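Number of protein chains: 4
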Amino acid sequence: MLNVALLGAGRIGQVHARAIAADGESRLAAVADVNAEAARSLAAAHGAEARTVEAILADPAIDAVLIASSTDTHADLIERATAAGKAVLCEKPVDLSLARAEVCLEAVAKSGRPVMIGFNRRFDPDFARLKSAFDAGEIGAGEMLAITSFDPAPPPASYIRVSGGLFRDMMIHDFDMACWIFGGAPERVSAVGTSVVDPAIGAAGDVDTAVATLTWADGRVAVIRNSRRAVYGYDQRVELLGSEGLLAAKNVLESTVEKITAAGTLSAKPEYFFLERYARAYAAEWRAFVAAVAEGAAMPVTLGEGVAALACAEAATRSAARGATVALSEVLGREVEHAA
Amino acid sequence: MLNVALLGAGRIGQVHARAIAADGESRLAAVADVNAEAARSLAAAHGAEARTVEAILADPAIDAVLIASSTDTHADLIERATAAGKAVLCEKPVDLSLARAEVCLEAVAKSGRPVMIGFNRRFDPDFARLKSAFDAGEIGAGEMLAITSFDPAPPPASYIRVSGGLFRDMMIHDFDMACWIFGGAPERVSAVGTSVVDPAIGAAGDVDTAVATLTWADGRVAVIRNSRRAVYGYDQRVELLGSEGLLAAKNVLESTVEKITAAGTLSAKPEYFFLERYARAYAAEWRAFVAAVAEGAAMPVTLGEGVAALACAEAATRSAARGATVALSEVLGREVEHAA
Amino acid sequence: MLNVALLGAGRIGQVHARAIAADGESRLAAVADVNAEAARSLAAAHGAEARTVEAILADPAIDAVLIASSTDTHADLIERATAAGKAVLCEKPVDLSLARAEVCLEAVAKSGRPVMIGFNRRFDPDFARLKSAFDAGEIGAGEMLAITSFDPAPPPASYIRVSGGLFRDMMIHDFDMACWIFGGAPERVSAVGTSVVDPAIGAAGDVDTAVATLTWADGRVAVIRNSRRAVYGYDQRVELLGSEGLLAAKNVLESTVEKITAAGTLSAKPEYFFLERYARAYAAEWRAFVAAVAEGAAMPVTLGEGVAALACAEAATRSAARGATVALSEVLGREVEHAA
Amino acid sequence: MLNVALLGAGRIGQVHARAIAADGESRLAAVADVNAEAARSLAAAHGAEARTVEAILADPAIDAVLIASSTDTHADLIERATAAGKAVLCEKPVDLSLARAEVCLEAVAKSGRPVMIGFNRRFDPDFARLKSAFDAGEIGAGEMLAITSFDPAPPPASYIRVSGGLFRDMMIHDFDMACWIFGGAPERVSAVGTSVVDPAIGAAGDVDTAVATLTWADGRVAVIRNSRRAVYGYDQRVELLGSEGLLAAKNVLESTVEKITAAGTLSAKPEYFFLERYARAYAAEWRAFVAAVAEGAAMPVTLGEGVAALACAEAATRSAARGATVALSEVLGREVEHAA
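Which chain is which? The protein sequence lines are A, B, C and D, in order. Take the first sequence: its position 166, counted from the start at 1, is 166 in the UniProt record's numbering, and no numbers get skipped. Take the second sequence: its position 317, counted from the start at 1, is 317 in the UniProt record's numbering, and no numbers get skipped. Take the third sequence: its position 109, counted from the start at 1, is 109 in the UniProt record's numbering, and no numbers get skipped. Take the fourth sequence: its position 226, counted from the start at 1, is 226 in the UniProt record's numbering, and no numbers get skipped.
Simulated from the structure, these hints should not be mistaken for laboratory data. Given the structure is predicted, the values throughout are model-derived calculations rather than measurements. Accuracy of the hints is not assured; some may be wrong.
Just so you know, same-sequence chains aren't split out, so a pair can sit in one copy or run between any two.
Taking lysine to any residue and the SDA-like style, the derived pairs with C-alpha atoms no more than 25 Å apart in a straight line are [to be verified]: (1) Lys110 <-> Ala297; (2) Lys250 <-> Glu79; (3) Lys110 <-> Ser195; (4) Lys250 <-> Tyr272; (5) Lys110 <-> Gly184; (6) Lys250 <-> Asp235; (7) Lys110 <-> Glu79; (8) Lys250 <-> Thr73; (9) Lys110 <-> Gly304; (10) Lys110 <-> Arg100; (11) Lys250 <-> Ser149; (12) Lys110 <-> Arg51; (13) Lys250 <-> Ser163; (14) Lys250 <-> Arg113; (15) Lys250 <-> Val162; (16) Lys250 <-> Ala133; (17) Lys250 <-> Glu138; (18) Lys110 <-> Asp59; (19) Lys250 <-> Ala268; (20) Lys110 <-> Ala99; (21) Lys110 <-> Leu57; (22) Lys110 <-> Ala83; (23) Lys250 <-> Val231; (24) Lys110 <-> Glu335.
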């Protein structure tokens with residue numbers, strides 16, 4: 001039984017609290033949040049204690065911490081928790097600054113403690129099935145990957161201003177998906193971003209509509225499309241062309257019911273947002289973390305992979321600003337190690 | 001080059017005229033119709049001559065006749081045309097009377113001339129593909145067949161009164177499909193019919209909604225569903241459960257375009273009616289007839305099969321009236337020869 | 001908080017135990033089973049006590065019992081539990097004998113206690129959506145209902161012999177669905193059954209392939225197709241033709257992933273069996289029972305409806321044996337009350 | 001009746017010959033080809049004459065010429081034919097050189113004769129339906145367009161060497177689609193191309209896998225994905241995200257038949273290549289040309305639009321080589337006129 005403390009009692013923290021509680025081999029022991037009332041309320045709902053971060057990290061009975069606090073606290077908390085000997089699952093991104101994330105990576109390496117980054121989509125059953133079919137060689141060699149990821153509605157401009165921008169905040173999931181599916185980081189990134197959805201986003205200095213093309217050293221490419229708004233819901237698709245066929249993971253629809261009338265055939269739209277679409281993924285992600293900690297196995301998503309996704313985001317941000325392709329080696333200050 | 005005369009210049013005659021003209025190995029030479037103006041107009045459109053039936057049958061230059069006149073003339077024309085040495089393609093049904101159809105069958109047998117019945121659906125590319133996959137053993141042994149056949153709108157009551165009733169007029173296509181797919185006639189038929197679509201149809205003594213269950217001697221069953229009205233178009237589906245899987249031929253839709261909005265996913269409805277859905281089938285049917293005549297091969301749909309479908313219709317009509325299963329041997333006055 | 005005792009610790013009992021435990025407003029307090037070890041093991045897994053039926057019924061702290069024991073015990077247990085003042089959720093069917101079920105119905109009426117029959121499919125989210133769209137008038141007046149229900153693999157002949165036969169054991173779910181969707185029982189039933197799947201089933205005196213056509217007094221019809229074997233999984237579909245369109249609830253597939261190769265497009269098959277397909281339905285069913293008991297509201301599925309489904313099964317059994325349509329009034333010995 | 005001469009009797013010339021012959025208001029009068037035997041054979045098949053280009057252009061009885069010869073002859077033949085007073089339908093591209101195409105554009109403008117470029121995909125019924133739904137405002141303002149266009153198999157390296165490269169030879173269709181749907185040319189193009197399909201293509205100096213992102217002045221973007229090989233057939237899809245929804249035109253499949261077995265659900269793959277997929281489009285394209293000539297109406301696809309597509313191809317070629325976004329104004333030497 002893994003004793004877990006949750007740092008962060010906001011919306012995503014609540015999702016994780018449920019996953020921790022539902023898993024037969026973990027127990028939510030403590031919750032911390034800068035908003036003490038939020039911590040108390042969430043802790044109470046799960047029979048846990050509201051405590052300070054300090055108390056949690058000092059408590060040898062806590063085996064692991066799940067970091068779901070605001071992005072600017074991630075790197076610090078990862079460093080402090082691993083230094084205190086905890087296993088860590090931290091929400092993405094590691095940090096908005098690639099340099100800061102790399103410092104964190106070094107610190108963690110020294111601690112020797114396991115850190116997993118919460119790229120939940122890898123644990124979506126459909127994406128996982130696509131990945132395993134690809135790895136089993138079902139469509140031969142991978143050639144062109146296409147990821148579609150649209151949110152149902154844009155966030156408020158206030159959020160945009162602290163988000164780090166679309167590439168670091170939203171597309172980072174897709175960068176990780178691409179690196180995961182292709183088994184390593186790309187050589188270079190070419191990105192375009194515009195604001196056509198909401199002028200307030202453009203005014204806040206960000207884009208709401210973006211395309212990034214990633215190229216691997218051996219010629220494979222991945223295209224990622226992001227929009228802050230698809231009024232019909234959360235559009236989450238992956239498609240991979242290989243030398244012997246194509247694999248596609250389609251949207252999960254709200255229902256199988258169809259209505260055919262003189263107006264046409266009306267069927268369901270995609271599930272509305274991440275809480276609906278990725279409910280199973282969050283549970284599977286937590287299961288994978290608990291199992292890896294229990295077995296002392298390698299983390300299913302490493303901190304290094306979190307840094308690689310961030311490097312892609314940094315490269316995409318520069319590329320969109322500069323109107324030119326940006327090599328990952330430029331943003332990393334060193335050559336990329338290609339896993340594949 | 002097959003010289004063809006068309007008997008009947010109505011709606012379905014016009015469909016056939018186009019198929020004859022479009023085929024590279026047949027030529028529409030003559031058209032006859034009780035409506036002389038209709039015959040002249042259709043003949044003119046295809047560079048053919050408007051002639052009487054007598055003149056056509058007496059002309060040794062006419063190789064084949066396509067009978068598309070009213071149902072009550074079919075049996076007579078088949079007999080006269082074969083007696084005159086013509087090859088014949090006749091629209092379904094052979095006759096509304098099973099006894100009359102059986103007399104015709106005998107007469108044709110004596111003539112030794114080839115007669116094909118126009119069950120166009122066998123030539124629909126999707127149904128043909130289902131049939132060939134089944135015959136190739138792709139789903140093992142056939143167990144349960146389900147045919148859905150709904151018209152987009154009910155005919156006027158005036159038509160209903162001369163139609164012979166839904167089972168002989170509409171479901172006869174589905175009886176033929178079932179016998180064709182399963183390779184022979186069923187042992188018995190159980191049918192239910194009601195009028196819920198249009199009270200005028202009920203008042204005219206017919207049903208507009210019907211279900212027939214056919215049972216073969218070895219236990220295989222087929223279920224046929226008919227409705228005179230599906231407001232969304234022509235619903236034409238076949239589904240076959242076998243010991244190793246299921247084959248389904250779905251509707252052909254008007255378009256591949258989908259629109260996803262907050263209201264859901266809107267895609268196309270089925271093609272509207274038989275002219276749209278079975279355009280390719282009519283061409284393939286004619287091609288098959290011309291090829292079989294040219295090669296002296298067996299007709300792709302025999303007159304005997306036309307009689308078998310009519311026997312099913314007769315049995316279904318009696319079953320629905322009587323509230324009991326009716327054996328085909330009862331309506332035929334002899335045992336059914338089971339092809340399969 | 002509803003204190004619940006579970007009578008029956010077999011496969012379906014275990015499904016219900018999880019639903020009881022997962023619901024925030026019910027608590028599994030006790031488990032009884034003729035197999036004491038099974039009761040102990042299931043009780044232990046949920047922090048409940050293994051007790052005798054007698055002890056459970058005598059305990060005023062038990063508010064409700066869930067009957068998931070063998071069919072031949074259902075009617076007795078319903079009568080005893082309601083006499084003891086418990087609210088009851090009982091698995092289908094009420095009994096294999098219609099007469100016995102009617103006696104039970106009377107006894108329960110005298111007790112004044114609420115009894116719900118476990119027709120779980122009504123709580124499947126897709127079927128529920130179809131029903132509510134129909135009730136909202138989205139396709140006009142209902143005309144023809146079609147239910148497809150195939151199991152993935154036939155049960156052993158030993159089960160067949162005590163099952164009451166396909167119509168009472170398997171198709172009873174579909175009879176309930178038809179009555180539920182159309183809002184009342186049919187006037188008459190016409191059924192056909194054969195054995196083509198497994199000769200052992202035929203040898204045991206049952207059918208494995210069956211079709212029933214139900215007719216309502218106003219002309220509406222429902223067609224139910226059952227097979228004991230669809231090798232690809234649990235085929236569970238509902239389709240309803242109305243005066244203004246068609247509603248269809250399709251199968252729930254195992255995944256959204258598609259693979260397109262030179263061999264074609266390969267997508268997932270339906271979820272394998274009822275545990276997978278109806279997991280959500282069992283939870284919703286239990287939720288509905290708990291809510292209705294808490295509010296003193298009418299049961300979402302009444303014992304009377306359980307009797308009506310059984311009457312359909314009895315009529316279908318007779319119809320298939322007799323080769324003739326059977327009126328529900330014949331099997332009930334009285335007129336059917338048509339709810340719709 | 002439009003008297004037409006066909007210049008070019010190769011594969012695509014044969015497609016056009018059939019379309020000319022099938023149209024009720026045009027007549028194939030003459031065929032020219034550098035391969036005299038090819039011209040003779042195709043002419044004979046359609047009751048036309050094999051003649052020289054000179055003889056054709058000098059013949060006042062010829063109303064229109066369809067240019068389907070090799071790309072390097074297009075611009076010359078357009079100029080000569082319009083100078084001779086003919087209406088022209090010319091296959092894409094106008095020329096491999098943008099400068100040459102612009103000279104041709106000027107010459108044609110002086111001639112005052114109508115010239116249409118053969119971007120057949122605009123006439124595909126599904127793409128046309130998507131376009132008209134978009135123009136009707138069904139998904140609000142257009143934001144992100146995605147075009148997928150994969151060929152079933154790569155051409156030989158010999159073809160690659162004279163093709164002008166993937167962007168000018170293959171993606172030019174998609175550039176036209178994007179400009180057509182969005183109603184004008186983009187401001188800038190960012191493209192990436194690699195060779196992962198066939199090393200011979202890379203060795204020939206071309207790419208076989210490419211992505212281009214087009215940006216309009218108002219922030220709209222279009223992403224085009226091309227591959228020279230999708231082993232399952234011709235993958236031709238368009239998807240358009242708007243402020244109120246998404247429109248998608250999916251692949252046309254070879255059949256509606258599905259087979260469900262324990263291995264999954266197997267359905268058809270896309271139609272194999274352009275002859276199958278765009279048969280209807282070629283007929284509709286020719287119909288549109290004939291109608292426009294007859295009515296003296298504007299050409300449905302103008303030579304200027306052909307030049308715009310070529311400008312996009314030139315910009316994409318430079319962008320992929322340079323690793324930077326290229327403005328259309330750079331390749332045109334002037335500002336783009338934005339139609340939208």
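Hints versus structure:
1. For a Cα distance limit of 25 Å, the shortest separation of Lys110 from Ala297 inside one copy, 18 Å, qualifies, whereas the shortest one across copies, 63 Å, does not.
2. Taking identical chains as interchangeable, the C-alpha atoms of Lys250 and Glu79 are never at most 25 Å apart, the minima being 38 Å within one chain and 49 Å between chains.
3. In the homo-oligomer, the alpha carbons of Lys110 and Ser195 never lie at most 25 Å apart, since the shortest distance is 42 Å inside one protomer and 41 Å across protomers.
4. In the homo-oligomer, the alpha carbons of Lys250 and Tyr272 lie at most 25 Å apart both inside one protomer (14 Å) and across protomers (20 Å), since each shortest distance falls under that limit.
5. In the homo-oligomer, the alpha carbons of Lys110 and Gly184 lie at most 25 Å apart inside one protomer (23 Å), although the nearest pairing across protomers, at 57 Å, exceeds that limit.
6. For the identical chains of this complex, Lys250 and Asp235 are neighbours both inside a copy (9 Å) and across copies (16 Å), given an alpha-carbon limit of 25 Å.
7. Taking the closest pair of Cα atoms, Lys110 and Glu79 come within 25 Å of each other only inside a single copy of the chain (10 Å); across copies the shortest separation is 69 Å, beyond that limit.
8. Within a single copy, Lys250 and Thr73 get their C-alpha atoms no closer than 35 Å, and across copies no closer than 45 Å, so neither meets the 25 Å cut-off.
9. When the C-alpha separation of Lys110 and Gly304 is checked against a cutoff of 25 Å, the pair qualifies only within one copy, where the shortest distance is 14 Å, while the shortest distance between copies is 64 Å.
10. Proximity of Lys110 to Arg100 under the C-alpha cut-off of 25 Å is restricted to the intra-copy arrangement: shortest distance 16 Å within a copy versus 64 Å between copies.
11. Taking the shortest alpha-carbon separations for Lys250 and Ser149, both the intra-copy value of 11 Å and the inter-copy value of 19 Å come in at or below 25 Å.
12. Taking identical chains as interchangeable, the C-alpha atoms of Lys110 and Arg51 are never at most 25 Å apart, the minima being 27 Å within one chain and 56 Å between chains.
13. With identical chains, the CA atoms of Lys250 and Ser163 are never at most 25 Å apart, being 28 Å at best within one copy and 35 Å at best between copies.
14. For a Cα distance limit of 25 Å, the shortest separation of Lys250 from Arg113 qualifies neither inside one copy, at 37 Å, nor across copies, at 48 Å.
15. For the homomeric pair Lys250 and Val162, neither the shortest alpha-carbon distance inside one copy (32 Å) nor that between copies (39 Å) is at most 25 Å.
16. For the identical chains of this complex, Lys250 and Ala133 are neighbours both inside a copy (15 Å) and across copies (23 Å), given an alpha-carbon limit of 25 Å.
17. For a Cα distance limit of 25 Å, the shortest separation of Lys250 from Glu138 qualifies both inside one copy, at 18 Å, and across copies, at 23 Å.
18. In this homomeric assembly, Lys110 and Asp59 come within 25 Å of each other (Cα to Cα) only inside a single copy, at 21 Å, whereas the closest approach across copies is 61 Å.
19. Taking identical chains as interchangeable, the C-alpha atoms of Lys250 and Ala268 lie at most 25 Å apart whether they share a chain (13 Å) or sit on different chains (12 Å).
20. In the homo-oligomer, the alpha carbons of Lys110 and Ala99 lie at most 25 Å apart inside one protomer (17 Å), although the nearest pairing across protomers, at 62 Å, exceeds that limit.
21. For the identical chains of this complex, Lys110 and Leu57 are intra-copy neighbours only, at 18 Å inside a copy versus 63 Å across copies, given an alpha-carbon limit of 25 Å.
22. Only within a single protomer do Lys110 and Ala83 lie at most 25 Å apart by alpha-carbon distance; the minimum there is 9 Å, versus 70 Å between protomers.
23. For a Cα distance limit of 25 Å, the shortest separation of Lys250 from Val231 qualifies both inside one copy, at 17 Å, and across copies, at 20 Å.
24. For the homomeric pair Lys110 and Glu335, the shortest alpha-carbon distance inside one copy (22 Å) is at most 25 Å, but the shortest distance between copies (57 Å) is not.
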